[in-house]
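Asker: Sequence:
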Amino acid sequence: MSKRTLAILAALGATTIYGLNHTIAKGVMPTYITPFGFIMLRVLGASILFWSISSLGPKEKIERKDWGRVMLCSLFGMAINMLAFFKGLDLSTPINSAVLVTTTPIIVVVLSFFLIKEKIRALKIVGIVIGLAGALFLVLYGNEIRQDASNIPLGNTLFLLNSLFFGLYLILVKKLLEKYHPITLLKWMFLIGIFYNLPVALPEFLEVSWSTLPFEAIWKMAFVVIGTTFCAYLFNVFALTQLKASTVSAFVYVQPVIGILFAVLSGRDKLTTVKIAAACLVLLGVYLVSKKPKPGKITN
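Read in order, the letters of the sequence shown correspond to residues 829 to 1128 in the numbering used here.
No wet-lab data here; the hints were simulated from the structure.
All of these numbers come straight from a predicted model, not from anything done at the bench.
Among the hints, a few may not be true.
Unchecked claim - When the alpha-carbon atoms are kept at most 25 Å apart in a straight line, the in silico DSS-like pairs for lysine-lysine are as follows:
hint	residue 1	residue 2
1	LYS831	LYS1098
2	LYS1007	LYS893
3	LYS887	LYS1003
4	LYS947	LYS1003
5	LYS889	LYS1007
6	LYS1003	LYS831
7	LYS1007	LYS945
8	LYS831	LYS893
9	LYS1098	LYS1002
10	LYS945	LYS887
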């Protein structure tokens, strides 16, 4: 099996885990653990796991000139991105999160235009407009009255913030992966992420009643730490060693299929007309953004 095929499977594995995470993580917040406390658990657990397996990777030192980018990647990918998503998931619904994270490929294309001067074709511009229209439609009109979703518009806005910073993370970390082994980067980025998250996440982490947690809460927390954090981040950075950031980000549109099916089947969420319409607009936008031009066709 070629490395490219393995990279595609890794990206698919990561997005499958993320698709399940929308419902699984929602199932323990805020009853057993609050959003920011969950992030403290994630970065602590992932840091321990990555440092535990660091001997499997090469012994390499990060050059002084690259530490700034490493710290930015940690800030965007292990702090702001996570905090925004989990707080959004606490305030909103699993289906909304599964739909809105699909704006990541659109955001990556826009960021790539400004940061690395990639050209944007006319078709992609149309896709960006349609996709963002779908996202805004869900943010503005997707409000529901639910006991487990106290502020859906704010939660939906935080999902978009999550997509923005995850897109920045994908673009910035791609350059580092050309020089360093994925495990080397992840062990340092998660370790740095602990200190980024401490001021806002530690108080909520200390409030958790660890000794009285039921098994249902324990296995769901373990899934988020081992699956959503350790495995998914490892899968994504491996995929980035063989694929473009825009290609890896495009796998995110598998999430609504997995996320919505799992949320509905598990009884944690339900489909509405607004959600279906917004999902169709977002996915159409992502399709147009990800669509490759025909060979020989002039692009602008």
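Asker: With reference to the structure, classify each hint as holding or not holding.
Answerer: Right, here's what the structure says about each hint:
A threshold of 25 Å between alpha carbons decides the hint, and for LYS831 with LYS1098 the separation of about 39 Å lies outside it, so the pair is violated. Among the hinted pairs, LYS1007 with LYS893 is consistent with the structure: their alpha-carbon atoms are about 12 Å apart, no more than 25 Å. Using a Cα cut-off of 25 Å, the hinted pair LYS887 and LYS1003 holds, with the two alpha carbons roughly 19 Å apart. Straight-line distance between C-alpha atoms of LYS947 and LYS1003 comes to about 19 Å, which keeps the hinted pair within the 25 Å bound.
For the hint linking LYS889 to LYS1007, the alpha-carbon distance of about 11 Å falls within 25 Å, and the restraint holds. The suggested pairing of LYS1003 with LYS831 holds, with an alpha-carbon distance near 19 Å, which does not exceed 25 Å. Restraint check for LYS1007 and LYS945: the C-alpha separation of about 22 Å stays at or below 25 Å, so the hint holds. Restraint check for LYS831 and LYS893: the C-alpha separation of about 29 Å exceeds 25 Å, so the hint is violated.
For the suggested pair LYS1098 and LYS1002, the alpha carbons sit about 37 Å apart, so the restraint of at most 25 Å is broken. Proximity of LYS945 to LYS887 is assessed by CA-CA distance (about 34 Å); at most 25 Å being required, the pair is judged violated.
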